[in-house]
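Reconstruct the complex from the two isolated chains, following the hints.
Going line by line, the protein sequences match chains R and Z.
Under our numbering, residue 1556 is the last one in the first sequence; the count climbs by one each step, no gaps.
Under our numbering, residue 1928 is the last one in the second sequence; the count climbs by one each step, no gaps.
FYI, nobody ran anything at the bench for these hints, they're computed from the structure.
Accuracy of the hints is not assured; some may be wrong.
Subject to a maximum C-alpha distance of 25 Å in a straight line, what follows is the list of computed DSS-like cross-link-like pairs (lysine-lysine) [claimed, not checked]:
#1 R:K1516 - Z:K1573
#2 R:K1311 - Z:K1719
#3 Z:K1816 - R:K1516
#4 R:K1295 - Z:K1573
#5 R:K1311 - Z:K1917
#6 R:K1295 - Z:K1719
#7 Z:K1923 - R:K1322
#8 Z:K1743 - Z:K1676
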Amino acid sequence: MTSAERKEAISAFMFLSPFLIWMVFLMGGPILAAFFLSFCKWDIFNPIQFVGFDNYKEMFFNDPRFWKALYNTAYFTFLSVPIGMALSIVVALLMNQKVKGIAIFRTIYYLPSILGSGVAMAVLWKWIFNADSGLLNYMLNVFTGIPISECPKWLASEAWSKPALVIMSFWNVGGGMIIYLAGLQGIPSTLYEAAEIDGANRWQQLWTVTLPGLSPVIFFQLIVSIVGSFQIFNQVYVMTDGLGGPADSTLVMVLYIYQKFKYFQMGYSSALAFVLFIVIMLATWLQFRFAKWVYYEGELRK
Amino acid sequence: MKNLRRVLAGVACLAVILGLGLYGCSKNSGTVIHISSWGTPEENQILSDLIADYNKAHSGITVQLDRIPFNEYVTKLLTQVAGGEAPDVIFVEANNFAPLFLRGALEPLNSYIQTDHVDLSGYYPQVVDRFTVDGQTYVIPRDTAPIGLIFYNKKAFDEAGVPYPTDDWDWATFVADGKKLVKADASGKVTRWGFIDEWPNPDAWVCDAGGTYTDSVKHPTKWTYATDPNTLKGIQFRSDLMNKYKFMMTPAGLTAMGGMGTSDMFVNGQVAMYLSGLWPTPRFRQQIKDFKWDIVMMPKNPSGGRAFPTGGSGYGILKFSQHKKEAWDVVKFISGEEGEKRLAATGLAQPALMADVNSPVFLDGKDPQNKKVVIEAMKYVQYFPICKNWFEVHDSIIGPELDKVWSGTETAAEAMEHLKPLLANKPPETN
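Looking at chain Z on its own, in the form it has when it is part of the complex (with noise of 0.2 Å):
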């Protein structure tokens, strides 16, 4: 009894020494590349599919991919950054971005690219902007997202006896539409809403209303937010599309859905324009079976201005990686046009590269019919300022006192007053 013991904890010892022994045998098989991304799984596979490309070409290097979703991104790299075991090859979006760069985590590229000969005159130069800071660039770009695209249900136009919108249309015409398309049934439920955003997006009409969130995008150094007259505009005109107009759901019947739940709204036909970005598409066009639909800019404000608060992705490096030569040729590879043609297939994301989305790949005469618009929408980008406290400003200092807003307990100028020495408190940090 007491040998068999012996043995059976012999027996374990050495399992457990040869799995070291394995695992350190796997892990010495040439230089291993660690890349970190979010993202749908048809997104994931044109990574992947790049990936085994590149492994199949390059003997001495591994590139493993690691998907994380999107939601702990940020969380999941500041554990492996802090445990020792960061990705070389970064997923970075375009406000993440921010709080990464400032603390030093992205190296810079310019020296790579220039040792290269990248062009990166093909990319949208807003985006290849938007991650370069004083002439250094530290992030390729793979994708825009202006968010500013109204989702609308023709067949809801149609029995509302309302005609389609159009580019050129002004707030005054979205309200006046948005008022005739909600429907109630005999008890006085609404059954079908004019107006719903993805999630609660008050970004979207502060910058459409030309408001600003800091003095200086690139180096803030105050906050404009609760002195903005225009972000002042903004704001009040989205409490007015719920308490007012009525024709925007409330938070109160929003608890439940949360989050991804509003689209669901838009496909079931409760709701009959749905403020996003090009995203949906891939996912209204395979579930959405009885109506047609179609997408449109947001509307114009009353002083004929229009901004889109806008998101996208690149690759960068980050400067703990020990392998930055390796990385870069990495980043070379999965950012350039082949990627790139196969992003614009998916109908999931804008590519960066100019030339892929003026082509049939990308403009495939699929349903939205009027998808060419996203091409104008970049001339009306506009980006978070750069500072660390971004998106704790934003999201638990500004958030939480425009709540009050839309529960109708408060307008927009009280809150602004609220939000004054509360933002002078936490001025943005840039170093």
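The shape of chain R in the complex, shown without the other chains (with noise of 0.2 Å):
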């Protein structure tokens, strides 16, 4: 290791510091105590219970409402994520045109992220939805002409609800907005420059030189975005009430685990939060696995 490389390594885990103590001093303990408590029977009110791999196989081979969660958790990131990171992409190229007043444009989008995802933004959503007097099925009814009472039941309905889900999921393009136009702004003009000599029109600019660039921004988000999509919990619970219905089409994998804690089974839920791990963990290491598409400009220098 060269004294540059030493210096380097030596700032990355400066600035990973703050996570890794948190992860250490904080976290570690209860992560390791839910993994030990997966392999048991706990009620809180009585002495912990060693059950082997009781609480797994129960999840895989009996229990219909783990593999429904995981399908609907699955069914969300699919959907949510992919649409949610092009239509961030779409708006943050838009923004990062040359006009005047581009700032407010900017803040515009850019405000519900500041709102928040949480509680009351679930809230209004809600009203949002509303099958009969919500503010979606009016503008489907003005826009189509389709009759309210045709018109999807969002929330109320099976089939509709995940769907909702992801709809309300793209209130937050605006944050990832904002992470993509920092990216845009960081590839080098000169490449634009060359691009233009060579004769390359818009078009071809934003597949050879646009796209690659930000491809190190994508990947980040990809990765962000699919771990944050599997944990999705406050909007289900508030939307719902903690039911993940109707008809449990939207009991989603953090959900379950709340339910069943709240029922009491302490050693089932940690169990059910290991797969929810390894689940994300496998998806992460497959981006990882399959990241030849990701353009690092530095790495190119060497």
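Set out below in structure tokens:
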């Protein structure tokens, strides 16, 4: 290791240190405890009972709600992440134009993210999705002419409740936009100049300069968004009163873990949490495994 | 500069140490009894007043009240127990009694009751019985709450030309009235519904239809829910109110209301009949200005029977308490007559002490005029089975399946067929 490399390693660890300290001293214990508990039966009031792989066996072979929760979570992730990312990139490209008053537009798009995706927003969206008097069906009626009585029933319908959650997740498109915007401004203008000299039109520039230049940011966003949407909880908890209805159609993994906790099944909910952990880790590993499409400028210089 | 930093660090350390020291001291002043409860601010005031009286009269003991929202009550309790910070006295509800009792979380009270010659004969026997298993009592009752009251808007009945309901009405009259009470505007949009429940409450109709959940309430061994024809009748009837007779608001319209929201519909005159327990009374007295209202028991089923799922609550002692004797003394005090009288005066709940119900304090002549009907309603109380997995089966297995019935995609009979194997796979857990 050269001294420059060592310096770099040290500063990397310094940047990581708050997280590492948090992980080792605050989270490490509970994570290990949860791993241990996943092999036990425990209702808090009575002594912990070791049961081996019983929780996992029950989960995989005798619990249709576990599979339902896993399916719902995957459904939400695979729909909301790609569409949400595409929207964020499009908005970021638009917001990267040199137009008068662009700062105002950027603020407008970023505003929902400041308001957050918390409880108040979930309550607001509950009203928007109301089948009979909600804003969304009113707009659908105005723009498409479909009578409100034939519009989707959204949160009240088994078929439309998950799409409703996906639509609601686009509320946070502005959060991604800000990050892409930063990424866009980090692409050297010399590359665009060179492309222009080579005769590339705007469309070709987008595909050969902008997107490759943005790919590390896209990669980062992809990982973070997938982890985040596998952990979706607040919105569903608030909008379905913690039930994940109708007919379990919005029962997501973290909500299911919470329900099992509420039903005094600490061991089983720990086992569920661990399965979710493995799923997320696997998804992240796969992304790194197939990350050849990500272009790092720094690597090229070496 | 360096010195200044040292001084600052020293001051910070001292502050922390002092803080810890003070904290330690405040904890050492005699015995502290922690009570956990939920409830409206009014209910809470009664309890805090009682506790203040108690603290004044007892120098060695300090009672502290910890108020927790009802929805988070059990989860908070679990976290407190797991963290070694369990309260001593807890407020127990008729239904969360079962999982707590079956896990051995509650201290048996018979020996305390006998030693102090506490007389429970003044309480509704049904309520005492709910909190008693195999002769051992675990909770001293505070109130009872049959969930079989229909609040009705007299103005809506007058407008529709329907005579006011009487306590001996039946399902057929209920349906005929409900259909007439619906009002729509020119575009066909409903502006007043006939009926709504406070929360999606099929249990009220299952019980009213004579339906059952298990083979026995106290010692259940198997679910009868999916096989009992009366249970099916209750479910199908509630579905018909929405999908066939169309005078009850559907879940689609309700998504944005959620929980307590439907009571606003009654206050605003958007629904003519509202199913609940007695507790909305103070709210309705205060908020309803432009129409008269009253209560009536839920209608009888076609065979002439009826039953109401019943809530209610009382005080128990957690087995983890280090100060059970003192905790018992506190329970005796707060569950006694004084607290019951003050509760009766709020109009919020029906005291578990019968004398306080048959009193002018409770029957105060204010709306609802038919309030005395809650005394008769006690004849029809029905409790949910005592098993560990009641909430899980009710909310997470039966509930999602019934969602399909409410939306009209399934009949009650189809849902019961689907439920049979699911319930057989999750027998009632009693040990």
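Each hint tested on the structure:
1. R:K1516 - Z:K1573: 10 Å, holds
2. R:K1311 - Z:K1719: 24 Å, holds
3. Z:K1816 - R:K1516: 20 Å, holds
4. R:K1295 - Z:K1573: At roughly 20 Å apart (the allowed maximum being 25 Å), Z:K1573 and R:K1295 satisfy the hint.
5. R:K1311 - Z:K1917: 22 Å, holds
6. R:K1295 - Z:K1719: 23 Å, holds
7. Z:K1923 - R:K1322: 17 Å, holds
8. Z:K1743 - Z:K1676: At roughly 7 Å apart (the allowed maximum being 25 Å), Z:K1676 and Z:K1743 satisfy the hint.
In this structure, none of the earlier numbered hints is contradicted; all agree with it.
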